[in-house]
Amino acid sequence: MSETSLTVVWVTLKLASVVTIILFLVATPLAWWLSQTQSRYKPVISALFAVPLVLPPTVMGFYLLLLLGPNGPIGQLSDILGLGILPFSFTGIAIACAVHSFPFVIQPLQNAFESIGKRPLEVAATLGASPLDCFWNVVIPLARPGFITAMVMGFCHAIGEFGVVLMIGGNIPGKTRVLSVQIYNHVEAMEYAQAHWLAGSMVIFSFLALLIVYLVNQKAAKRSMA
Amino acid sequence: MSQLQASFQVDRGDFQLDVDFILPGKGITALFGPSGSGKTSCLRAIAGLERLPNSFFQIGDKVWQDESKGIFIPANQREIGYVFQEASLFPHLNVQQNLEFGLNRLAKEKRKIEPDSVIVLLGIGPLLSRPPAALSGGERQRVAIARALLRSPQLLLMDEPLSALDQRLKREILPYLEGLHRELSIPVIYVSHAADEVVRLADHIVMLDQGKHICSGAISEIMVDPRFAELFADGASTLFEGRVTAQHEDLMTEVTANELTLRLTPRPLPLESPIRCRLYASDVSLCTQKPSHSSILNIFQGQVLRIDAGQQKGESLVTLELAKGQKLLAQISNYSLNRLQLKLGTPIWAQVKSVAVL
Chain F
21 MSETSLTVVW
31 VTLKLASVVT
41 IILFLVATPL
51 AWWLSQTQSR
61 YKPVISALFA
71 VPLVLPPTVM
81 GFYLLLLLGP
91 NGPIGQLSDI
101 LGLGILPFSF
111 TGIAIACAVH
121 SFPFVIQPLQ
131 NAFESIGKRP
141 LEVAATLGAS
151 PLDCFWNVVI
161 PLARPGFITA
171 MVMGFCHAIG
181 EFGVVLMIGG
191 NIPGKTRVLS
201 VQIYNHVEAM
211 EYAQAHWLAG
221 SMVIFSFLAL
231 LIVYLVNQKA
241 AKRSMA
Chain W
9 MSQLQASFQV
19 DRGDFQLDVD
29 FILPGKGITA
39 LFGPSGSGKT
49 SCLRAIAGLE
59 RLPNSFFQIG
69 DKVWQDESKG
79 IFIPANQREI
89 GYVFQEASLF
99 PHLNVQQNLE
109 FGLNRLAKEK
119 RKIEPDSVIV
129 LLGIGPLLSR
139 PPAALSGGER
149 QRVAIARALL
159 RSPQLLLMDE
169 PLSALDQRLK
179 REILPYLEGL
189 HRELSIPVIY
199 VSHAADEVVR
209 LADHIVMLDQ
219 GKHICSGAIS
229 EIMVDPRFAE
239 LFADGASTLF
249 EGRVTAQHED
259 LMTEVTANEL
269 TLRLTPRPLP
279 LESPIRCRLY
289 ASDVSLCTQK
299 PSHSSILNIF
309 QGQVLRIDAG
319 QQKGESLVTL
329 ELAKGQKLLA
339 QISNYSLNRL
349 QLKLGTPIWA
359 QVKSVAVL
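Here the protein sequences line up with chains F and W, keeping their order. Following this note's numbering, the numbering of the first sequence begins with 21 at its first residue and continues without gaps. Following this note's numbering, the numbering of the second sequence begins with 9 at its first residue and continues without gaps.
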C-alpha cells in the first residue's frame, strides 16, 4: 500500500474512533433517558433522532455546512472559542460525521436498555444500589451486546462516510481525505487497481465487523434473565 | 420489634386502593386476597418501589413515607429485603456475586446476618459458583431469598415467591421458609393468594379485596371467624398450633396445643418440635353426649359459641369453644342442627375425623 493510501487509512480510522467516542458520550445518556421516559414528546424526539437515517447525505451536509460555516451559529461559537473555522477541518468532518451516524448508535443502545425491563432496576434498588450504581453495575453489563452493536455500527458507518464528509470539506490530503473519498478519486482517475485495494479491504472489514455483532448477539440470547 | 403502620391510597381509574392497617413487627404476616385486590401494590409501596399519593408508612419509629410532609425514602435507602415473584437473579453474575451484590452495599456495622448461616439455611452452598441460567426454578428462588436476607433487613417482603413454581418445587421451598421463620427474628410480609401457603406459614393476616382492607388479625382467630372462614378457598377450618408431646411407637403421635391433646397418625417428628395442624370444619361432627366406643381418636368437649349459615344451602357453621378459649369450627347440616337442638351454650362433644398436618 502506498504512503498516500496509508495516510488516508489513518485519517479514516482516526475519524471513526473520534466519532465513536463522541457518540458514546452523547448517545448513552440520551438513549437511557428515552428508554425510561414516559414523556409524551418521546415520539417527536425519537423521530428527530432518526432523521439522519433517511435524509440524503447531501441535504445533511448542506445544512451542517450552513450551521458550521463562519456565518452559522455553531461556526460563530467555534470562532469565539478559538477553534477556528470548522468546515474543511478534521473537527468539522468529525462533528458532521457524528451527527450523521447518531441513529446507528442511539438505536441499538435504546433497544438494549428497553429490553432490560424494569425488574433488574427494582431488584438493584431493593439491594441498596443507587440509580447511578445500578446504571454502572447492572444496566451497562446487561446492555453489553447493545453497546457492542452500537460501537460497531457507529464505527463502520463513520468509516464509510462519503457524502457528508465531501459536503463539509473532505478531500484535503492528510486532513479530511477519507477512504471512501479516496476510492472515488481513484475511480475518477481510472486507477482501478488502487480502488480495488481499498474497496476490497472495506468489504472484508465490514463483513468481519458485522460478524462480531451477530456472534455477540447470539451469545447474549443464550444468557437470558434468570 | 415495634409495629408497622401503613396507609396507602391511589386512584388509577380502573384500580383503586384505599387501605389502612397496623401490622405486628414480628412473625409472618400474610397479605391475602384474590388477584387484583391490591396486595402487590401495597407491598411495592412498602418497599418504596412505587410512590403512592396520600400515603403513609412507618416501621417502629422510622417514617419511610409521609406524603403530608413530603417524606419519601427511596427503595435503595430502606432496610428491606424483597423477594420477587420470579427469582430475578442478575444473569451477568454467578450465585456468589448475586449474594454479594446486596451484601457489599450494606455498611459493615449493619451486617447482622451471617452469610454462611443463610447459605446453610437455604441449602445453596453447592451452587455458589454457578450462573443463574444453570439453576432450577426452586434453586433460583432460594438464592433470591438468601440474597434478600443478606441485606440484614428490618423487614422482609415476599411477593408470591412460590407462585411461579410447580407443586414439587413449592414443597421443596416451604420447609426453608419455615426454617427462616424459626431461626430469624425478621418480620416478614408475605403476599399470596394461595390459602394453603397462608395457612401453613402466616401468624398474622391482612385480607384485601378490590383495594379495600377486609380484616386483619392473628390467623388462628381470623380463620375461625365465621364471617371470613369461607374466604379460605378450600373451606372453613381451625388452626391448632402446638408441639409434639408424645410418640407412641408406630401407633400414633400426640400433639398438645392450648392444653388440648390431638392424636395423629404417626409422624416422624422429634418431641417438642413445633407443629401446625388444620382441622377442616367438614371433618368435625357433633354429639350431645360423650361418644363411647368410637374409632375416632380426637374427641373434645366444649360448648356452642355461635351458629352461622354455612356457605352451602342447608348447612350451618357452628363455632365451638373448647378449653382455654380454643375455638373449633364444625360444619353440619341444618337437619342435624335441628335434631340436636343446638343453641348458644349447649354443651357438646366434637369428634374430629381427620387432622391435616401443615
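Keep in mind that the hints were calculated from the coordinates and are not lab data. Fair warning: there could be bad hints in the mix.
The list that follows gives simulated cross-link-like pairs (lysine-lysine, DSSO-like), each with its CA atoms no further than 30 Å apart [said to hold, decoys possible]: (1) W:K351 x F:K138; (2) F:K138 x F:K34; (3) W:K335 x W:K351; (4) W:K34 x W:K116; (5) W:K220 x W:K118; (6) W:K321 x F:K138; (7) W:K298 x F:K138; (8) W:K335 x F:K138; (9) W:K220 x W:K34; (10) W:K120 x W:K178; (11) W:K351 x W:K321; (12) F:K138 x F:K62; (13) W:K178 x W:K77; (14) W:K351 x W:K220; (15) F:K138 x W:K77; (16) W:K321 x W:K220; (17) W:K321 x W:K298; (18) W:K116 x W:K178; (19) W:K70 x W:K116; (20) F:K138 x W:K116; (21) F:K242 x W:K178.
So, going through the hints one by one against the coordinates:
| no. | hint | result |
| --- | --- | --- |
| 1 | W:K351 x F:K138 | violated, 58 Å |
| 2 | F:K138 x F:K34 | violated, 38 Å |
| 3 | W:K335 x W:K351 | holds, 16 Å |
| 4 | W:K34 x W:K116 | holds, 24 Å |
| 5 | W:K220 x W:K118 | violated, 36 Å |
| 6 | W:K321 x F:K138 | violated, 48 Å |
| 7 | W:K298 x F:K138 | violated, 63 Å |
| 8 | W:K335 x F:K138 | violated, 46 Å |
| 9 | W:K220 x W:K34 | holds, 23 Å |
| 10 | W:K120 x W:K178 | holds, 28 Å |
| 11 | W:K351 x W:K321 | holds, 20 Å |
| 12 | F:K138 x F:K62 | holds, 18 Å |
| 13 | W:K178 x W:K77 | violated, 43 Å |
| 14 | W:K351 x W:K220 | violated, 35 Å |
| 15 | F:K138 x W:K77 | holds, 28 Å |
| 16 | W:K321 x W:K220 | holds, 28 Å |
| 17 | W:K321 x W:K298 | holds, 29 Å |
| 18 | W:K116 x W:K178 | violated, 34 Å |
| 19 | W:K70 x W:K116 | holds, 21 Å |
| 20 | F:K138 x W:K116 | holds, 29 Å |
| 21 | F:K242 x W:K178 | holds, 27 Å |
Hint violations for this structure: numbers 1, 2, 5, 6, 7, 8, 13, 14, 18, all remaining hints satisfied.
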